[in-house]
Each structure stands twice: as structure tokens, then as C-alpha cells.
Amino acid sequence: MLNRFLVELIDDAGLFPPASLSMEEALDAHDRAGAGRYQWIVGRFIVPASRLDELETCLPRVRTRPLMVSVILDEAGAQGLRAGVARARKTVERGSGTVAVELFETRLREPQSDESARRSLREICDAVAGAFDEAAALYVELPSSAPDAGLRAVARERVANEARTLGAKIRCGGLTADLFPSPEALAHFIATAAALSVPFKATAGLHHPLRHVDSPTGFAMHGFLNIGAAAVFAHAKLAGEPTLREILSEEDAGHFTLTPAALRWRELVADRRRVGAARAELFHAYGSCSTTEPIEDLVALGMLA
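Here the working numbering is used: position 242 in the sequence shown is 242, and no number is missing along the way.
Treat the hints as calculated values from the structure; they're not laboratory data. Accuracy of the hints is not assured; some may be wrong.
As the list claims (entries may be wrong) - Label-pair distances were calculated between CB atoms; the ranges are: (1) D178 <-> G97: 42 to 50 Å; (2) R61 <-> L301: 30 to 38 Å; (3) D126 <-> D252: 41 to 49 Å; (4) Q39 <-> L238: 29 to 37 Å; (5) G218 <-> D252: 17 to 25 Å; (6) T98 <-> D271: 33 to 41 Å.
Since this is a predicted model, take the numbers as computed values, not measurements. Even for Gly, the Cβ is constructed at its ideal location relative to N, Cα and C.
Using the sequences and the hints given, assemble the complete structure.
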């Protein structure tokens with residue numbers, strides 16, 4: 001029985017810092033993960049739209065067929081977004097079944113108000129909608145320090161235009177300390193996303209299950225188990241924002257139990273059904289530049305056999 005918490009949890013961001021693998025190295029690593037014992041934990045291969053031509057030249061070496069990708073729309077403005085989507089469409093067409101785009105990711109400009117967030121999001125949706133397979137999802141990165149206007153805009157767009165494949169994205173780390181949101185900020189984001197029924201994915205700084213201080217940098221880094229557990233308990237309405245802060249701050253693995261049957265943190269328990277519902281409806285995935293470190297850590301903690 002597969003653990004619903006872990007199914008396709010990790011999107012492969014090997015092209016991005018700090019790994020910054022070459023296209024060949026990243027694809028080879030993704031192939032190895034896709035052929036391994038825990039292939040069911042690894043999701044999409046993340047690639048910038050600006051590097052899709054490079055991806056195409058490497059497709060003959062890829063054993064995973066089709067290669068499921070998430071495309072980062074890394075060119076600014078509506079014209080840049082449209083160009084990125086068009087490039088993705090051409091890559092799929094020329095790939096003749098070897099590659100498929102499951103989702104797009106981009107960034108919302110820093111909103112000053114609900115209205116500016118709504119306008120910016122509508123511009124993004126207009127640029128992407130209809131330009132690709134409508135089944136492809138779109139995740140929009142919001143500023144972690146002030147995500148509320150963006151989350152409300154996403155929630156309205158999902159309802160008003162039946163944009164059920166639209167979601168939010170939260171950055172949880174990076175190469176500098178200021179890119180790591182506090183547990184308070186993350187708890188607020190997760191609580192608000194759950195209340196508004198906005199699905200999200202996370203990115204950056206989530207190589208390990210538990211919150212910890214990284215020795216080389218001294219940064220306090222978030223754990224993907226902390227974030228996932230907070231999302232599960234928020235979705236199940238078992239924890240409010242203060243408790244979510246505690247979950248996100250937890251550094252003791254002994255306070256978590258993760259099995260195919262249930263997820264536990266201290267006295268809180270979510271059964272298999274609730275875990276699956278939270279993954280399907282709220283916390284969709286997270287991007288990591290390593291797909292091996294998270295799995296090795298879970299095995300070492302006894303959470304993955």
C-alpha cells in the first residue's frame with residue numbers, strides 16, 4: 001500500500017541552484033529516480049521555458065517516456081508568457097509523444113492591493129489560457145511576506161472563471177537568508193490557502209524532512225514533512241494557525257509518525273483518507289533540486305521502508 005502523503009510529492013528541480021546540474025546530468029538523475037524503488041515519489045521534471053530547446057536536443061537520451069515536465073515561464077510580461085507557452089507547445093509537438101507538459105509555473109508581481117493582484121493574475125491567465133492544453137495546470141508564485149491579496153485573487157479566479165487547475169506557489173528558501181519565510185508567515189499562508197480552498201505547491205530550501213539549521217550557511221531551513229503535515233491538518237480542520245506554527249517549527253522527528261495508514265504529529269492524527277484528500281486538494285507537490293536526499297532521509301528516519 002503506497003503512502004498517499006508521498007505519492008508524486010517531489011518535483012525534480014535539479015537544473016536549479018544549489019544543484020545547478022547540466023541538462024544532461026539532470027535528465028540522467030531523473031531517469032535514475034524514475035527507475036528506482038521509490039519512483040512513485042518523484043513527480044515532474046522542472047525546466048525553464050528558456051531552456052526547452054536544450055531539453056529537446058537531450059530527449060533521445062531520456063528513458064522515461066513520456067517525460068512529464070513542469071515549465072517555468074521565466075520571461076517577464078504577457079508577451080514573454082505567451083512566448084514561453086508557445087515554445088512548450090512546439091516542444092511537445094516535435095517530441096512526438098516523448099515529452100508532455102503537466103503544468104506551468106510563473107510569478108505574480110508584488111501586489112499592492114486586492115485589485116492590483118486581481119489584474120496581474122488576470123493578465124497571466126489570459127496569456128496562458130487557450131494557448132495550451134487546458135488540462136495543464138498553472139501555479140503562480142506569491143510573495144511569502146504578503147500572500148493574502150494573491151491568494152484571494154487566485155480563489156476568485158478559480159470560482160469566477162472555473163479555473164480549477166489554477167493554484168498558488170510559495171517560496172520556502174533560496175541562496176540568501178531573506179528568502180526563508182518564518183514559521184509564522186508559512187503558517188499564515190497555509191491556513192489562508194486552506195480556508196480559501198486554494199491548492200499550492202512549494203519550492204526551494206526543502207531538501208530534508210524536518211526543520212533544521214543548515215551547518216554551512218547557518219540558515220534555519222524548513223522541512224517538507226513539516227509543511228506537508230501542516231497542510232494535512234489545516235485541510236482536515238484539525239489545527240488552527242497557532243498549531244500550524246508549532247508544526248512548522250518542530251525539529252524532533254520523534255513527534256512525527258508517517259505510515260501508509262496515517263500521519264501523526266504529537267496528539268493530532270490524520271488517517272489515510274484525510275492525507276489523500278489534503279494532497280489532492282491543498283498541498284500538491286514541492287520542488288527540490290535533489291530527489292535522492294529527501295528519500296534517503298525518510299528511510300533513515302524509518303518513515304519509508
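Hints, one by one, checked against the model:
Restraint check, D178 to G97: a C-beta distance of roughly 43 Å satisfies the suggested window 42 to 50 Å. About 34 Å separates the C-beta atoms of R61 and L301, a value consistent with the hinted range of 30 to 38 Å. With their beta carbons about 47 Å apart, D126 and D252 fall inside the hinted range of 41 to 49 Å. At roughly 31 Å, the beta carbons of Q39 and L238 sit within the given window of 29 to 37 Å.
One distance hint, 17 to 25 Å for the beta-carbon pair G218 and D252, holds here, with the actual separation near 20 Å. With their beta carbons about 39 Å apart, T98 and D271 fall inside the hinted range of 33 to 41 Å.
When held up to the earlier numbered hints, the structure conflicts with none and fits them all.
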